[in-house]
Amino acid sequence: MKLYKLNLILTLIGILIISFLAQSKPIQTGTILSIQTSQYKTTIKLQNHEAELIIFDKVPLILKQGDQIKFQGKPDIYKNKKQIIIEKMSLIN
Amino acid sequence: MLNLILPLLLGILAGTFTGLIPGIHINLIATSLLALTLTQTTPVNTLIVFVISMAITHTFIDFIPSIFLGAPSEDTSLSTLPGHELLLQGKGHYALKLTLLGSTIAIISLIVIIPTFIFLIPKIYPLLERMMGILLIWIAIFLISTEKNSKIKATMIFILAGFLGLASLNINIQNPLLPLLTGLFATSTIIHSIKSKTVLPKQSLKTEKLNKKEILKPTLATILISPICSFFPGLGSSQAAIIGSQITGKQTREQFLILLGSINTIVMSISFLTLILFQKSRTGAAFTVSQITNPTNLSLPLIFTTILISAIIAIPISLTISKLIAKNIHKIPYTKISIIVLIFLTIIITYLTGPLGLMVLITSTTLGLTCIEFGTRRSFLMGSILIPTIIFYLPL
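Here the protein sequences line up with chains A and B, keeping their order. So for the first sequence, the numbering used here puts the first residue at 1; every next one is plus one. So for the second sequence, the numbering used here puts the first residue at 94; every next one is plus one.
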């Protein structure tokens, strides 16, 4: 097999594995401490959770303080603060 | 005054370090700086001067490893970069001098570019921002259409890089760009060099004289291309240099190296100006500055003076290091140096980004190697940044 074919096959396999890993982020849970909404985003603070949850979708949320939620997202750091950019979120109770 | 001179010198030292050591980028030092509690009590201007001097020095020094490392043997000329071509002819120091000349042109060009930017850009930027996605697609098509070898292979590399970029940027690691870009551009080049068992000739310190006409073309290209570099996120120096070459006509290898040097420095310098004018950070260093203070509070004279002084000090540093390397590189087995650098990069990336980062590094390395084997321009690998940026800007 020519070397470029082997490299190409390895690249495709690698992209597939990374894409799969990008989809399977850990599901976390927490209780809402506060919710702040601005024009572009919603910020949720959780009890006993260092990172803030950031939602950029413009969908109105029906969440309130004390609600238990489960979520998935990408960890990030903004202005030296830990954040999770939310991709999926749902109410538990 | 001391609280500005000291960070300036420390920044130059840090920039020399990040520029010389492959895999250690200024973004790494800058983000580590933000995480330090010491920085909470440090005056804002001290931090800004440190970050800017580090970033500017890096743009002068980082051509040293990219010229002196990773060169393939002469028989693989299709995939040889202009700096490596000169290195294989014993003119590595001359190649570096050309990039330094370019960086100097960039600093001088700032005198023309800054007033134009302040006057013109705020008027047209809102319109361009709305059309960003479409314009980036047009630039990608333009770049592929200028490929001299197979356009199909170029498109394939560009799209694969895009998929890899999309997946890597969404993976659960901090700083995914580090393994991604290292694999695409550094480790793949080094592996290719090891495979071709390169032996370097003795390097000459002599330089060839360039006439004013030869310098004029890259200077003009730098001034014309600088708005494109500042407006369009996701465009790297090499793509900007290709567009610049297309605008001003065919360039020689020497002119292309001058242009690469100038664009590298101009992209960094203008990113600080873009930050003040539009509060947009186009480079990691500008992003760090935006995290230190509100961009509207930034002082343009302070930024420009820092850029100027850093450049003046970085030039003799670069020349001294390059001379030292050029005098001695033929004495050391080149393949051994390449293997040591490859192992160092793999260890540092695994340490900083974990097993997932290593996975990204391996995949991006194989894609980089595919691109070299195809004989396609390596700038198409920047699809890894350009495609995610296009998707971000398109109103889907």
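Treat the hints as calculated values from the structure; they're not laboratory data. Be a bit skeptical, because a hint or two may be false.
As the list claims (entries may be wrong) - Calculated pairs, DSSO-like style, for lysine-lysine (alpha carbon to alpha carbon, straight line, at most 30 Å): (1) K424(B) to K81(A); (2) K5(A) to K302(B); (3) K244(B) to K302(B); (4) K216(B) to K41(A); (5) K295(B) to K2(A); (6) K5(A) to K241(B); (7) K373(B) to K88(A); (8) K5(A) to K429(B); (9) K295(B) to K424(B); (10) K305(B) to K373(B); (11) K82(A) to K310(B); (12) K288(B) to K5(A); (13) K74(A) to K306(B); (14) K373(B) to K45(A).
Nothing here was measured: the structure is a model prediction, and the numbers come from that model.
Q) Are the Cα atoms of K305(B) and K373(B) separated by 30 Å or less? A) This hinted pair is violated, its Cα atoms lying about 36 Å apart.
Q) Going straight from one Cα to the other, do K244(B) and K302(B) come out at no more than 30 Å? A) Violated. K244(B) to K302(B) sits at ~36 Å, over the 30 Å cutoff.
**Q.** Pair hint outcome, K5(A) versus K429(B) [Cα-Cα no greater than 30 Å]
**A.** holds, 27 Å
Q. Given the proposed pairing of K373(B) with K88(A), does the C-alpha separation stay at or below 30 Å?
A. holds, 28 Å
Q: Compare the distance between the alpha carbons of K5(A) and K241(B) with 30 Å, and conclude whether the hinted pair is satisfied.
A: holds, 22 Å
Q | Pairwise hint evaluation, K302(B) against K5(A), where the allowed Cα distance is 30 Å at most | A | Violated - the C-alpha atoms of K302(B) and K5(A) are around 44 Å apart, more than 30 Å.
Q | Hint consistency between K216(B) and K41(A) [alpha-carbon to alpha-carbon, up to 30 Å] | A | holds, 27 Å
Q.
For K295(B) and K2(A), compute the direct alpha-carbon distance and say whether it is at most 30 Å.
A. With Cα atoms ~34 Å apart, K295(B) and K2(A) exceed 30 Å; violated.
Q: Mind checking the alpha carbons of K424(B) and K81(A) for me, to see if they're no more than 30 Å apart?
A: violated, 49 Å
(Q) Against the 30 Å threshold, does the CA-CA distance of K74(A) and K306(B) hold or violate the hint? (A) Violated, at roughly 51 Å.
Q | Holds or violated: K373(B) to K45(A), with C-alpha atoms at most 30 Å apart | A | holds, 27 Å
Q) Going straight from one Cα to the other, do K82(A) and K310(B) come out at no more than 30 Å? A) violated, 47 Å
Hint compliance for this structure: hints 1, 2, 3, 5, 10, 11 and 13 are not met, and every other hint is.
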